[in-house]
Each structure stands twice: as C-alpha cells, then as structure tokens.
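Asks: Letter by letter, the chains look like this.
There are 2 protein chains.
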Amino acid sequence: MGEPISKEACQKKLNGINDALYAIGGKWKIKIIIAISEGYSRFNEIQRTLGISAKVLSMELKDLELNGFIQRNIDPGPPVVIDYTTTQYSNSLDQVLAALSNWGEQHREKIRAERS
Amino acid sequence: MGEPISKEACQKKLNGINDALYAIGGKWKIKIIIAISEGYSRFNEIQRTLGISAKVLSMELKDLELNGFIQRNIDPGPPVVIDYTTTQYSNSLDQVLAALSNWGEQHREKIRAERS
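Protein chains in written order, with my numbering: chain A, 17 to 132; chain B, 17 to 132.
Take the hints with a grain of salt, since some may be wrong.
Pairs count within a copy or across copies, as identical chains cannot be separated in the list.
[Unchecked claim] Below 20 Å or equal to it, Euclidean Cα-Cα: the simulated DMTMM-like pairs (lysine to aspartate or glutamate) are: (1) LYS71 <-> GLU61; (2) LYS71 <-> ASP91; (3) LYS29 <-> ASP110; (4) LYS28 <-> GLU121; (5) LYS126 <-> GLU61; (6) LYS78 <-> GLU130; (7) LYS126 <-> ASP99; (8) LYS28 <-> GLU125; (9) LYS29 <-> GLU81; (10) LYS43 <-> ASP79.
Treat the hints as calculated values from the structure; they're not laboratory data.
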C-alpha cells in the first residue's frame, strides 16, 4: 500500500504498527481510553457504558495503566473511592484517533452511498 | 483529549472512531490487510504467517471482502487456485496506518527509555 519504500523503512513501519496494535489494539482499549477521557471515571460506570465484562475490563485497565495511558486514583475516604483518569501521555494518541475518526466518517459515507 | 470542541463535533469524531473500529478493529483485520498487501496471497500462507486459526481467518477474510478492502480471486484452473489481493480502497487506510506506525515507534522509544 502507498508509495514504494526501502525494505528497512517498510520493516520499521510494520514494527511501529505492530507495537501500536500491541499497546492499543484489540476490541476495548481505545474505547476505554475514550470513555475515561469523556469523564466515565468509576469502574462500574465504564463497565456499564461499554457493556464489557468486569473480568476483561479489569485486565484492560491494568494494561492501560502499565502503558501509561490512564492513572488509577485512590481516595482513602472513608469511604474509599477509586477512579480512573487519562494521563498526559494519552494525548499522544490524538493523531491516531483523528486518523481513525476521519477514515471512519469517510467509510460510513462510502457504505451509505453503496446502499442507496 | 486534545482541544475543546463542540458537543456535536465531538460526537461526530466518536462516531467516526466507532465506525473505524467496527470495520478494522479487533485483533486481526489490520494485520491481515498488511499481510495480503505484502504478497501473502493464499489462505494457508496468510494463516501461517499470522498464526491465526483457519476458522477465524475465514470469518475475517469475509468481513474484509464485504468492506471492500480485499478481493477474492478464483482461477478456475485446473487446479482451482484461490487467492486474495488488496483493493484500491485499502489504500484509504494509508493515513490510519501511518499514524499507527508513527505512534508505535514513539511508544517503543518511550518504553525503552523508561527501562534504561
């Protein structure tokens, strides 16, 4: 796809895509980051708004925290309140999300045009 | 994330992202498109290079064909030979893949810097 490039440059591009898919690929990660950035900060809120199982959400939140996209905040209370916020680093995804968003809008137009 | 925007613009962005994730999200779709664009054109080749089950690959290929990213070609032979190629439309993903790739490279640098 795209312009011809050297084998090394191509491999570097592919490695980048693989790294990106590893960190934010899969069914849920981008959706969770967006939900938290929209203000769904509590575990139950995130779970409800996305319709994700508690077990999977729990694993995904740990991954996202390890990768530095979100932060787990503990207010010792009482009552103890745990919530999640996005980090500064999650802003580094802005370009990826913008590209996805633009492409998604165009794709929707295409599908709509084909159907009519 | 990013600059403040109107609620409508935000919703449009989110819809775009959702549409994009629906079409190319998940564990395999982008990897399959890249593998085919690299010249892995036969079912068994794609399966082997990605380490994906035949059942899942078969479903993913159908989805990708329906969405217009790949084409299934039948050479009636004999022997009958079926292979897959990417379409012109798959080039529309170039910007998304470039954004993913750039971000992935930067993310790798960050992880590396944190470890050392």
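Asks: Would you mind marking each hint as holding or not holding in the structure?
Replies: Structure-based check of each hint:
1. For a Cα distance limit of 20 Å, the shortest separation of LYS71 from GLU61 inside one copy, 15 Å, qualifies, whereas the shortest one across copies, 35 Å, does not.
2. Neither within a single protomer nor between protomers do LYS71 and ASP91 lie at most 20 Å apart by alpha-carbon distance, with minima of 23 Å and 47 Å respectively.
3. For the identical chains of this complex, LYS29 and ASP110 are neighbours both inside a copy (19 Å) and across copies (11 Å), given an alpha-carbon limit of 20 Å.
4. Proximity of LYS28 and GLU121 under a CA criterion of 20 Å is satisfied inter-copy only: 8 Å between copies versus 28 Å inside one chain copy.
5. For a Cα distance limit of 20 Å, the shortest separation of LYS126 from GLU61 qualifies neither inside one copy, at 34 Å, nor across copies, at 31 Å.
6. For the homomeric pair LYS78 and GLU130, the shortest alpha-carbon distance between copies (18 Å) is at most 20 Å, but the shortest distance inside one copy (41 Å) is not.
7. Neither within a single protomer nor between protomers do LYS126 and ASP99 lie at most 20 Å apart by alpha-carbon distance, with minima of 40 Å and 25 Å respectively.
8. For the homomeric pair LYS28 and GLU125, the shortest alpha-carbon distance between copies (13 Å) is at most 20 Å, but the shortest distance inside one copy (32 Å) is not.
9. In this assembly of identical chains, LYS29 and GLU81 lie within 20 Å of each other by CA distance neither inside one copy nor across copies; the values are 25 Å within and 24 Å between.
10. For the identical chains of this complex, LYS43 and ASP79 are neighbours both inside a copy (13 Å) and across copies (16 Å), given an alpha-carbon limit of 20 Å.
The earlier numbered hints that this structure contradicts are 2, 5, 7, 9.
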